[in-house]
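Novice: Read top to bottom, the protein sequences are chains A and B. The numbering of the first sequence is my numbering, which starts it at 5 and goes up by one. The numbering of the second sequence is my numbering, which starts it at 5 and goes up by one.
Simulated from the structure, these hints should not be mistaken for lab results. Among these hints, one or two may not hold up.
Remember, identical chains collapse to one label, so a pair may be satisfied in a single copy or spanning two.
[To be verified] The list that follows gives simulated cross-link-like pairs (lysine-lysine, DSS-like), each with its CA atoms no further than 25 angstroms apart: (1) Lys56 with Lys158; (2) Lys56 with Lys160; (3) Lys86 with Lys160; (4) Lys85 with Lys164; (5) Lys13 with Lys131; (6) Lys12 with Lys73; (7) Lys22 with Lys56; (8) Lys73 with Lys56; (9) Lys164 with Lys12; (10) Lys131 with Lys164; (11) Lys127 with Lys158; (12) Lys168 with Lys127; (13) Lys168 with Lys73; (14) Lys59 with Lys13; (15) Lys158 with Lys131.
As a plain string of letters, each chain reads:
2 protein chains.
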Amino acid sequence: MDVLQLIKKRRSVRKFKKKTVSKEVIDNILEAARWAPSGLNNQPWRFMVLEKERKDLLADYTHYSRIIKSADKLIAVFIDKKSSYNHEKDLMAIGACIQNMLLFIHAAGLGACWLGEILNKRKQIQKVLRIPENLELEAVLALGWPEAGIKKSKRKDLKKLIIK
Amino acid sequence: MDVLQLIKKRRSVRKFKKKTVSKEVIDNILEAARWAPSGLNNQPWRFMVLEKERKDLLADYTHYSRIIKSADKLIAVFIDKKSSYNHEKDLMAIGACIQNMLLFIHAAGLGACWLGEILNKRKQIQKVLRIPENLELEAVLALGWPEAGIKKSKRKDLKKLIIK
Numbered sequence: 005m006d007v008l009q010l011i012k013k014r015r016s017v018r019k020f021k022k023k024t025v026s027k028e029v030i031d032n033i034l035e036a037a038r039w040a041p042s043g044l045n046n047q048p049w050r051f052m053v054l055e056k057e058r059k060d061l062l063a064d065y066t067h068y069s070r071i072i073k074s075a076d077k078l079i080a081v082f083i084d085k086k087s088s089y090n091h092e093k094d095l096m097a098i099g100a101c102i103q104n105m106l107l108f109i110h111a112a113g114l115g116a117c118w119l120g121e122i123l124n125k126r127k128q129i130q131k132v133l134r135i136p137e138n139l140e141l142e143a144v145l146a147l148g149w150p151e152a153g154i155k156k157s158k159r160k161d162l163k164k165l166i167i168k
Numbered sequence: 005m006d007v008l009q010l011i012k013k014r015r016s017v018r019k020f021k022k023k024t025v026s027k028e029v030i031d032n033i034l035e036a037a038r039w040a041p042s043g044l045n046n047q048p049w050r051f052m053v054l055e056k057e058r059k060d061l062l063a064d065y066t067h068y069s070r071i072i073k074s075a076d077k078l079i080a081v082f083i084d085k086k087s088s089y090n091h092e093k094d095l096m097a098i099g100a101c102i103q104n105m106l107l108f109i110h111a112a113g114l115g116a117c118w119l120g121e122i123l124n125k126r127k128q129i130q131k132v133l134r135i136p137e138n139l140e141l142e143a144v145l146a147l148g149w150p151e152a153g154i155k156k157s158k159r160k161d162l163k164k165l166i167i168k
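Take the sequences, apply the hints, and build the full model.
Specialist: Spelled out as structure tokens, the structure:
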């Protein structure tokens, strides 16, 4: 496997087969997450794996309820504010941690969608899931075995991204 | 290559050989960066590659000047505030983008260190590099061919990271 090809071929998957993702695979996804870099190695990430009725509870808090209902599982990603020393750096570390999961998920033949819009209902979700106050929801990954073929995606030309 | 092993074996590298990283490799690192996911695919990342005297300018703005001087090149990563729609989500996207670079760098046999402390001098650095006001420095990667052997690193047990 070529890591650049893996990175370039990963796509958001929004529709999933009715097929279970095993506990072993979930453990490996979280293992990938756990080894992300963080400032001062503070590892601010915390995870909650949701399936079945608990998963579907979250469908009420997003315009993308179909993705949640179609997914086999969700991984909710939190920052533990007790571990924080700098919120900006923690958020970047969370992004690195999520990318580790997305790359592992793609390499394993699974698919995922990084849900961000759901954060608009952060407070309500934290209440319904009974999340302690030191944790703050930062993202939800919907995942499962992909239903459809690979979709195309676009990126800006590298020339437009480089500052001379 | 096993992506989980790649993720787990990546380490921060702080000392580098006096050996040039080719333009082709730098282009591939930025190609990996460019394909990260971002909210609404807004791709807020911008990059500046620094070498030689311009690289060494930054050594004055961090306690880790030795890493900067040892590195062959720096990649400064910015958010373009004109592309932003949500600063928290942009920071997570930047983290995903940086992790793509770090994984590619490691897979290519190179090494890198994600410098965060240097952000304490963000304003001064932006001034000395003459960065336009719409860009905000978020991280600096120091990179090159690694000098020393692989160091160990630790992570919290998965059990401590999972919320039931």
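Novice: Decide, hint by hint, whether the structure agrees.
Specialist: Hint by hint, here is what the structure shows:
In this assembly of identical chains, the alpha carbons of Lys56 and Lys158 never lie at most 25 angstroms apart, being 33 angstroms within a copy and 34 angstroms across copies at closest. Proximity of Lys56 and Lys160 under a CA criterion of 25 angstroms is satisfied in neither setting, with 38 angstroms inside one chain copy and 28 angstroms between copies. Proximity of Lys86 to Lys160 under the C-alpha cut-off of 25 angstroms is restricted to the inter-copy arrangement: shortest distance 14 angstroms between copies versus 37 angstroms within a copy. Taking the shortest alpha-carbon separations for Lys85 and Lys164, only the inter-copy value of 15 angstroms comes in at or below 25 angstroms, while the best intra-copy value is 36 angstroms.
Taking CA atoms no more than 25 angstroms apart as the test, Lys13 paired with Lys131 passes in neither setting, with 37 angstroms inside one copy and 38 angstroms between copies. Taking the closest pair of Cα atoms, Lys12 and Lys73 never come within 25 angstroms of each other, the shortest separation being 27 angstroms inside a single copy and 32 angstroms across copies. Only within a single protomer do Lys22 and Lys56 lie at most 25 angstroms apart by alpha-carbon distance; the minimum there is 12 angstroms, versus 55 angstroms between protomers. Only within a single protomer do Lys73 and Lys56 lie at most 25 angstroms apart by alpha-carbon distance; the minimum there is 9 angstroms, versus 53 angstroms between protomers.
For the homomeric pair Lys164 and Lys12, the shortest alpha-carbon distance inside one copy (18 angstroms) is at most 25 angstroms, but the shortest distance between copies (32 angstroms) is not. Taking the shortest Cα distances, Lys131 and Lys164 sit within 25 angstroms of each other only across copies (21 angstroms), while inside one copy they are farther apart (43 angstroms). Taking identical chains as interchangeable, the C-alpha atoms of Lys127 and Lys158 are never at most 25 angstroms apart, the minima being 33 angstroms within one chain and 33 angstroms between chains. Taking the shortest alpha-carbon separations for Lys168 and Lys127, only the inter-copy value of 18 angstroms comes in at or below 25 angstroms, while the best intra-copy value is 42 angstroms.
In this homomeric assembly, Lys168 and Lys73 come within 25 angstroms of each other (Cα to Cα) only across copies, at 21 angstroms, whereas the closest approach inside a single copy is 46 angstroms. For the homomeric pair Lys59 and Lys13, neither the shortest alpha-carbon distance inside one copy (27 angstroms) nor that between copies (33 angstroms) is at most 25 angstroms. In this assembly of identical chains, Lys158 and Lys131 lie within 25 angstroms of each other by CA distance neither inside one copy nor across copies; the values are 37 angstroms within and 33 angstroms between.
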